[in-house]
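Asks: Make the complex out of the two chains shown on their own, each in a separate frame, by following the hints.
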Amino acid sequence: MHSIKLESLIIASLPLLATACHAGGEAEIDDVGMTDGETGEDESGDGGAEPTAPDCTEAGPRMIRRLSAHQLYVTLQAIFEDESVPHADVLSDPVVHGFRVDATEALVRDLNAQQLMQYAESVAEWAVANKLGQIASCQSTDPACRDEVIAELGLRFYREPLADAKISAYAELFDAQPTFDEAVTVVIATMMQSPYFLYRRELGADTGDEGRFLLTDYELASNLSYSLTNRPPDDELLGLAAQGALGDPQVRMEQFERLVASPQGQENLERFVRSWLEIDDFESTAKVEVPEVQFTDEHRQDMLAETTALFLHLFGSQGDVAELLSANYTFVNQNLGHFYRLWQANTPDPQMIEIPAEGDGARAPGILGHGSILARHALTDNSSPVARGVLVRRRLLCQELPEPPAGVDTNLQPIAEDASNRERYEQHSTDGQCSGCHNLIDPVGFAFEHYDTFGRYRDVENGHPIDASGVLAGLEGGEQIELDGLDSLAQALATRPETQACYAEYLSYYTYGLDGCNPEAIEELSGGDAATLQSTMAAIIEAPHFVERIAVK
Amino acid sequence: MPGTLGRRSFVSSMAAATLLSPFISLLGPRRAIAAGGKAKYLLIFHTTGTMIDQWTPTGSTESDIVFSPMLEPLEPLRDSLVVIDELDSKGTSDNHAAPGGLTGVGHSGSNRVSLEQFVGDKLAQQGVSTPFENLILGGVSSEAQSTFFRYSDQALSPLFSPAAAYETIFAGIAGGGDLDGEAAERLLARRQSSLDLITSEISELSDQLGHSERQKLELHTDSIRQLEDRLLGNGDGPECNPAGGVTDSPEALVNSATHVELAITAFSCDLTRVAAIEFGHHQATQVGLPEIGTGDWHQFIHGGQTEQVVNLERWVGEQFVAAAEQLRSMPAPDGDGSLFDQTLMIWTRGMGDAVAHNGSNMRFVLSGGAGGYLKTAPGGRYLQGGGEAHQRVLFNCCEAMGITDLEGFGSTESDAGAREPLSILCA
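In order, the protein sequence lines correspond to chains W and Y.
The first sequence begins at 893 in the working numbering and counts up one residue at a time.
The second sequence begins at 16 in the working numbering and counts up one residue at a time.
Next comes chain Y alone, as it looks inside the complex (with noise of 0.2 angstroms):
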């Protein structure tokens, strides 16, 4: 990739919708359970519930990891790790493609958001001017859809193909190159008059449907403007220069690896401050690797192919803790210490029991130094959530990156005591 991409200050774009969701009261200031710190970057890995059997770290306490086998691969990091099991989904993600995972909203909830989406948001409503407010990568070819959710109950299509994310992210507003000056100029006006006819067509066609339709081109224009808010941005930033020769594999989870190393590049340089991979799809990841086994990620599940489905999830904790290490090798763009220092890591489920299609027994890996925000032990921490609501710890997550004025994340209608964040995973 030629050229050098700068940070950008953006004029805050937040669609009408994003002031909208039904089930977060944006009350004042709330005492935040945590002092101990706050993470500038969220990075989520998210896949399919597991084997619980397998999973679990018997033997552990909360001061010392007691490692599984299937969580082996994590053991790098056991001084930054926190793993807490037993956590209710409070029936929102007890089965293929129920969203609560990320939501923390059923199937019967509606206008959902998930994590990602929100965090984004509401990082951009606090000033932050990032060109990307979230940015969502991976899944499988075949499955256009995921588990990511932005106020509706349409799921959101991740990019599947890094070639594509490459482009998108590292690529899209360079204008190809080293453009002197004139040149650049030249491209944007170019581009905005482009844009402004494509919005005046946009505005055209809408005066001519009814209100559904016409919401299919209100997203339309959304994007038009996020693309303009990223093409005014003047680049003044930390430099990026992310390696090219980025390529697709036909193995949907080496795309999702690489999706990782480009999330983390794309922070490196501030251009999103929150990442989220989706390691393949719930029903439909067919596997070819070497060191996992050959055949459908689905049917080592239900097929009881115990060996494979913990050959696969260590596979993707040695993603975690790869990801782990490129963080620490990259200064944070405001020089304060490592990005490692700086992101809180977290690795979510759509389910939990996945034998079962069960989501009462949800479980995160979090890792990260995310500004000292998590309590960590020298031999990592295990915890056990006494079936309080996951969703508990979505408010976590959202907490440790700055954000406390909610009243709980997700639906937990039913118990008020849900509606608070986990304080034993804080400093």
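Isolated chain W, as found in the complex (with noise of 0.2 angstroms):
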């Protein structure tokens, strides 16, 4: 992320670190599986994911966005009402900061549309088949009906009513086939195709005012729509659409909390989670298999669902991130719960349970203490320091490190076999190409060290106590915070505004797709200090960015 940048310590002295660090083992900065979007296109300078927004407390550029691969699929089984469509992978959605939402870099290029050619006329020939009572209220050739349908699938696919030209437009399209069917087919397979259903509109309508436009009420009840639930208007929205009734902010957020707490809605801000702390693709990252720990598919959703469950519940209970960081409860089932040796769990879906101070089950509070987050920041068959530090200070604290220099070898020396993890790892300070950025990264990530591989409490790593101290440098202030063990870290973190305005960073980049939105502006619109999980995402809503747009050359 761009606006957040690590102190001047870390940004004046960028190309000296740069040449300067020596990173150690696999445990270089990237091995936290950073995507392509924060390796490659940032930091890098790979271009391409810049701003098209200048700030969302500003009015942005009139612009379209492609629907995600996702967002696609969804919209066609609820313009079908059917989740049995058929589908098939045409599009690909970019990974820019490790979200696959980005408003610059979805495009339909090279062979996307050959593929949604075939793609729509497959569906189009299943609709037909399958689902022409639900979606033609009348079933004949003659004008009157032909308009009738064209104007139905219209709102459909296009989600705004179809002005009469368009309707022409596919009446030809229709006239020109022989039967009614086959008409339908045609019709179906070209909306499916056309940039109105493929591309959500930030147009707006002119407002006479130096080129200012304020988008439509149906811009808006897509935007609504498909940034707080990744589906196309429901009725009510597309009902006070017509009603001309979303250009009111009071009715715009009664329907962000009807959205919000919506299963889609929730399930947005699932994918939300999963993306922001990197756990999306911990169901598939490889572990060591030793016969002592039972570590199954099932553990890691479990562990997935802890994650999301104390998300959603902070979001819907006007929680906010230092909860989300420090809470002394978390939410387990039986599985799980015994994986942590929290024994009082005994239900097969998540229940929330306090996790006790000391003895069994007694773990770091919120979400650092998670298996999720613990296991997939960890290397196959131990912890990570490097992994762990290199998630807190980009992900909880928005700060930018740069990639290890080229040419050094990044795999650890071999010291002797009963050395410690952290021995391993203090090379990085002990050598002076490492420490700049390590002494930055490894102190905060041994804090971690109680933790092993799976996610397990340990008191013992390789026949030696564990050594969970370490210390939070590189702090806005200059402020350094001594840590001893994941608990005191969880605890710093909580108290640090970087946190929640890293949160409002990440947020807003969900949302929009776009970079540049202020997170000092949002935190204000969200509320201050008082900020909640649930008020920032309100914030992003009303800001000016989400209602106005300006026309640009």
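FYI, nobody ran anything at the bench for these hints, they're computed from the structure.
Even glycine gets a Cβ: it sits at the ideal position worked out from N, Cα and C.
Keep in mind that the hints are not guaranteed to be accurate.
Computed footprint of chain Y on chain W, listed as stretches where at least three residues anywhere in the stretch have a Cβ under 8 angstroms from a Cβ of chain Y [said to hold, decoys possible]:
1. 978–985
2. 997–1004
3. 1045–1055
4. 1065–1071
5. 1091–1101
6. 1155–1161
7. 1425–1435
Part of the chain W face toward chain Y, derived, beta carbon under 8 angstroms [unchecked claim]:
8. Gln1085
9. Ser1086
10. Arg1104
11. Val1300
12. Val1444
Across the chosen pairs, the derived CB separations fall in these ranges [what the hints assert, rightly or not]:
13. Thr262/Y - Glu1146/W: 44 to 50 angstroms
14. Ala1068/W - Asn256/Y: 54 to 60 angstroms
15. Ser1321/W - Pro305/Y: 37 to 43 angstroms
16. Pro91/Y - Ser1154/W: 55 to 61 angstroms
17. Glu77/Y - Gln1186/W: 52 to 58 angstroms
Replies: Take a look at the structure:
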């Protein structure tokens, strides 16, 4: 992310660090599985992802954004009110900042038009064979019925009423076919390839005031719906759009609250959390098999469910980032609870359980103590202080870190076989080339050392008692916080304003698909110190960028 | 797959951008270093960098390869094999997602174009008309981007799914099977009317947008134009009967191997001349194959899991040999020998030394009959590049495909000598 940078210490000396940083082991900076969006497009100057929006507190340019592959399929399911609509891989969503929502890079290009044509034809044939009664209120080729069917389908596919000229254009296509069924097939296949279906529009209507445009009601309905639920607008939103009611901020806020609480709204938040914390691919992350550890696919799923459950619980109950980091309770079912040695967990579905301060089941509070984070940000066979330290820096503090410099052997030099994991990583801080970068990363990661590659608590590693002391440096104002274990890191982060600002920054990127949202402005809109997980999202929806556009050349 | 696809003659459609590559001057015809011959097909394997000490065929000479265990699966290709290392990417391939491997241009460059795009475009300019100017396939599903670039800083997305690739390459324009002439004409007319309507809608939207947003729609329009060219082609070439039942595997590497088979089948019907297959991803490849091991390729490299890295590269080498065998088994579409005789096969990399994230020691494996372009030896050839620019080998690939009106490939400004192909590769 761009707008929050690591304090001047790093930024000012970046070129120096870039040549002086000798990373170690598999644990060089990029081993946390940062995506291309992180390593390629941005830090490395790979271009492409530069925002077209100046700032979400100002009106953005008039734009279009292609539906994501997921949104495209969900939209078809909604149009035909059927989950069994044919599926095909026809679009790919570039991963930027760890998310698949980028408004700038999602395109239709090269082979896509052909893929879309083939897919549209198969969906249209399926729809006419299976859904004709539902999507066509009449079934004849007379002009009145023809125009009615085109208008009905048009509202579904374009997400706004068709202008007369468009109905005429489709009528011409319709009339050229020999039968009603074939005519409807062509209309559906064409609508599915239409840019009005494939792109969300943020064009607006001219206010007459110096190139300023206000999004239309139908555009607002689509944007609210896709931004908050990944789905096309439902009947209620389309009804409000038809009434011209969505220009009213109060109405929009009521819809915001309805949509984020809906199952689709909750699923959209889950997608955000999984991408933000870089745990989305946890289910396929390789782990070593050892006889003494039963670590199953169910454990992984339960760990992911734990993290999304805590987030959704706090989102729905005016919780904030601080509590996300420091909650002394969690959501586990029996399977995961027993893995954590929380023996009181005894239900198949996650239940809220208090984390004991000591004894069996004692573990760090908040998301950092979750198995999803600990096991995903680890190596196959051991913890990774670097991966975990980088997670904190990049995803919780929104600080930039340089990639390891070229030409440096990043594999750890072998040391004594009975050395502790910590001792291996401490090569970073004793090597002059490494220490510039890794003194900011590893001492944060060391605080996680009580947790092994599976996220289990441990007191001993390779015969050594765990040393989980560390330091959190590189904070705004130059403050340094001494750490002893993950509890202390979680508590320290919970008190830092940077974590709320960072959450706002990632959430605004996720919502707009654009960089450039000013986190201070979002913070102010979301209630300053009183900002909650939900009020931050509400602020993003209320920001001028959501409703206003400016014409650009 | 029902139906028969034929070779089509198409109007060459070049995007305007194609003509705007900033680093390649299109000079008049230059002296071709190689007089040996010309390949018609280009098949590219692309992987991340390697463990140098495991890879290097120590003891090899210019006329005899002593295979390292990692390279040993390539043995059956010995007499057509040219292996070259110690080439310098000139700072363009020094880290994950560095774009230099196939573009010869680093992060600081712009308007990148990778080899397969460039060659496909140039062939089209020369009048070669195939339905697909190139195919880019493979990668991993969790990362939609690759190391392929097309006159842009934004990486292209290869087709990850073999099933989707099969549909696109072989079923797309046939219209679902054995249509008689009249039905086929009706289908074509219907599709054209649809595309006309869609194109007019795109321009209606475009009129309301600023420059950068309009560019998105220009790519969309160009994609439709390419589709129309394919639809309008007439079928009068060799029959194409690919085996059906192509499915996706949970293993990304297996999918890439399937893509190689699809690409060669596409060659055999002259549906394309250029295909590039990415094996895995430089940073996010999960592997669970008994021949290799279970884990993450990236972690194999950085965790010192030498055995798994060797196994993995051996496995890719086996796919390279299998591709050569498939090419050998198929007659060339023009009837002149086998497809192998006319194909340049090349294994390229995004980095040299993957352990150290270093592009100063790049390597290539070249094979295929390549139309007689490559100089070969019965015992195989091992060459050391002496720090020459790896961009020179990319130029060789262009030259092997009959593209010689270049002044270098990629960013080699620092060194005029780097703007020539390497003559030691040529027959």
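Asks: Next step is simple, just say for each hint if it's right about the structure.
Replies: Hints, one by one, checked against the model:
Taking a C-beta to C-beta cut-off of 8 angstroms, the region 978–985 of chain W contributes 5 residues in contact with chain Y, enough for the three needed, and the coverage statement holds. For the region 997–1004 of chain W, the proposed coverage by chain Y is satisfied: 7 residues have a C-beta within less than 8 angstroms of a C-beta in that chain, meeting the threshold of three. Beta-carbon proximity to chain Y at under 8 angstroms applies to 0 residues in the region 1045–1055 of chain W; the threshold of 3 is not reached and the given coverage is violated. Counting residues of the region 1065–1071 of chain W whose beta carbon lies closer than 8 angstroms to any beta carbon of chain Y gives 3, which reaches the threshold of three, so the coverage claim holds.
Interface restraint, the region 1091–1101 of chain W with chain Y: holds (3 residues with C-beta to C-beta distance below 8 angstroms; minimum three). With a cut-off of 8 angstroms between beta carbons, the region 1155–1161 of chain W has 0 residues touching chain Y; three or more are needed, and the interface restraint is violated. For the region 1425–1435 of chain W, the stated coverage by chain Y is violated: 0 residues have a C-beta nearer than 8 angstroms to a C-beta of that chain, whereas at least 3 were required. Hint status for glutamine 1085/W: holds, given a least beta-carbon distance of 5 angstroms to chain Y, under 8 angstroms.
The criterion of a C-beta within 8 angstroms of any C-beta in chain Y is met by serine 1086/W, whose closest approach is roughly 6 angstroms, and the hint holds. Checking arginine 1104/W against chain Y: minimum C-beta separation of about 14 angstroms lies over 8 angstroms; hint violated. Annotation: interface hint on valine 1300/W holds; nearest CB of chain Y at approximately 6 angstroms, less than 8 angstroms. Among the interface hints, the one on valine 1444/W holds; its C-beta lies about 4 angstroms from the nearest C-beta in chain Y, closer than the 8 angstroms criterion.
Remark: the range hint 44 to 50 angstroms for threonine 262/Y to glutamate 1146/W is upheld by a beta-carbon distance near 47 angstroms. Range check, alanine 1068/W to asparagine 256/Y: Cβ separation about 33 angstroms, and the 54 to 60 angstroms hint is violated. Under the hint 37 to 43 angstroms, the C-beta atoms of serine 1321/W and proline 305/Y, about 40 angstroms apart, fit the expected range. Between proline 91/Y and serine 1154/W the beta carbons are some 60 angstroms apart, a value that agrees with the proposed interval 55 to 61 angstroms.
Range check, glutamate 77/Y to glutamine 1186/W: Cβ separation about 56 angstroms, and the 52 to 58 angstroms hint holds.
Checked against the numbered hints above, the structure breaks hints 3, 6, 7, 10, 14 and satisfies the rest.
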